[in-house]
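Each number in the working numbering comes from the position in the sequence shown (counting from 1) with 15 added on.
No lab work stands behind these hints, which were simulated from the structure alone.
This list has only true hints and no planted wrong ones.
Calculated cross-link-like contacts (lysine-lysine; reagent style BS3-like; alpha-carbon spacing at most 30 Å):
| hint | residue 1 | residue 2 |
| --- | --- | --- |
| 1 | 75 | 50 |
| 2 | 61 | 74 |
| 3 | 93 | 74 |
| 4 | 75 | 61 |
| 5 | 74 | 50 |
| 6 | 66 | 50 |
Owing to the predicted nature of the structure, the values given are computational and were not obtained by experimental measurement.
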Amino acid sequence: MSPTVFRHRNARFHFFTREEPRMHIHVQTPEGEAKFWMEPEIELAKTIGLKPKELNRLKKVVEEHREEIISEWNRNHKR
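Using the sequences provided together with the hints, build the complete structure.
See below:
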């Protein structure tokens, strides 16, 4: 299962419920995708096809929605 946490512009922010246990968020855009770790701090885990400027913008969006992402992660992972 891959619930969408939210959408921002042309990006979908989601995670997979049966993936690794470390808290993270996936971001898909028409240009590519990225994965950001949420703890201990927000940092890029991997990316495919996204340029540095777009990654910086997406990281800022993740930072702005940090509490929402954590809350949804905990709800879906029964923490």
